[in-house]
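Now for the letters of each chain:
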Amino acid sequence: MKLITLPASLDERYFEPIARALLAPADERVLFDGTHVRWVDPYGLIGLLAVGQALRARGPELPALKLPENSEVASYMARMGFFTHAEPIFELHGGQRRARSEGASDVLLEITAVNSHADVHAVVDHVNERGLRILTTQLAYPQREAFQFSVILSEMCQNIIEHAETGGWVASQRYQWKKRLNRKVVIIAVMDLGVGFRHSLAPTHATRYPDAWTDAAALEAAFMHGHTRFHDPGRGQGIQQIRKLVARWGGRISIRSGSARIADVPAWDDGPRLEQNLPYLPGAQIGIVLPARVASEERVAAAPGS
Amino acid sequence: MTHGPAHVVRFSFDLSSLVPRSVATLYSNLVTRPTGEALRVGIESQLAELGTSCLSVLDFSQVMVLDYSCADEAVAKLIRRFQPQDRPSEAYFLARGVAEQHREPLEEVLIRHGLVLAADVEGIGYTLLGAPSLLEQLSWAALQRAGTATAGEVALALQKTEADVASALQNLAYRRAVIPGDAGGSYHALSALLP
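Chains as they are written, first to last, in the working numbering: chain A, 408 to 713; chain B, 1155 to 1349.
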């Protein structure tokens, strides 16, 4: 059995050690030890589901997951609906699996399966009911911009349905980032285990990259240049508009697909713009961080690529 | 066929209220391509039933969220459908109740398709959204101020040649943003046809 010790912070920064579970031989069972997890966000939660699902698809044995000892973390995972989605994927061990009553929640969207356009409508309706209040009162977003948050979610979820050819998950939560940004942020994660960008774009774009059609090339084609597999000029704008909105709000967006990750990196972050040779994970994994608006802040005026 | 205001039927679509008629589930948020497609098909169907020249008002006043995919299907492809010579009918399109959160997706999809759309934008008033040329924009604005005018009158107001302005107004009529008059080379601003 291959042991993967989950990091204390289960988020995008520390996702790759989890993805390394996929390097295990197909017939070797994997145990994720989450005993010492102290902090987790939507990217970490859905990322764990995605890696677990990818392992699950390789053989009859479920990967095992030892749950965190920290009761706050376990309660949060329950509140986000993690266990409902994890039970068919993992053999779960230890830990409490019930959410404690904690009054008003900063969850904008619990982990939600996205399998159809009706799910996209449900996500938008749900966020409009609860998320808009958090965005306007706690992150100081004007009402009109809070509506655009719903647009981001809608377009991201539609990418799963139109390109992944399988289902996926979405979740969002507000946090107080004291160390990294000294600001409140909203984190969104949207992931699927579908065909990924390289396979989705290959029929229409691979010939432009003879001998170099890689996950990184496909991500650059879609992320930087708005290429899509459709010939319709109205297509391919989802990611570009999301990037524009995220940049306007001083946020960060990354897309991991296959063995590469590409990102728009704001000044407050020191992450790389492009990573390659990562452990292969099918589909697409998108992470977005949107910081709270600050009155004195100068908004990013230029859209990406402009 | 004549297209003057006397022959134009005013027909108003409340986009929000059309959604539940077009798709089974009632959504006040205009998101996803299937929703936009259903909306467009519903509008096209009603325009076909009218079977005459009409001004169709696309009312966004009750729409909270409009995403790019839905805007592309419902608005951009609708206008495109009524541009070619084989268009189903003589329909012209005017948007109203356009708030800031609607404007950006509308502008983006119109620009991507090279379209224009006359719109009553909250806090701004009548505006030509999309991708007009500078002369088209100026000509549209001058006609908007006049309500009805000939190319020569607009050219005089803009200090441009009549031939250039006539071409710009013809393009705007082709793009369903102004209505050519019965005779005498006049054009009508769409908002002039509203009560």
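Accuracy of the hints is not assured; some may be wrong.
Claimed, not checked - Using C-beta positions, here's what the derived DEER-type ranges look like:
#1 A/A415 <-> B/I1265: 45 to 51 Å
#2 A/A520 <-> B/G1301: 20 to 26 Å
#3 A/A520 <-> B/S1321: 32 to 38 Å
#4 A/L410 <-> B/A1285: 23 to 29 Å
#5 A/D639 <-> B/G1338: 36 to 42 Å
#6 B/G1205 <-> A/M631: 55 to 61 Å
#7 B/L1288 <-> A/Q545: 52 to 58 Å
As the list claims (entries may be wrong) - If you want the ones that stay clear, here's a sample from chain B, every Cβ over 12 Å from chain A, calculated:
#8 C1208
#9 S1215
#10 E1254
Hints are computed from structural coordinates only; laboratory data are not their basis.
Cβ atoms here follow ideal geometry from the backbone N, Cα and C, with glycine treated the same way.
Subject >> Unmet hints by their number, sorted upward, for this structure >> reply: Those not satisfied are hints 2, 3, 4, 6, 7 and 10.
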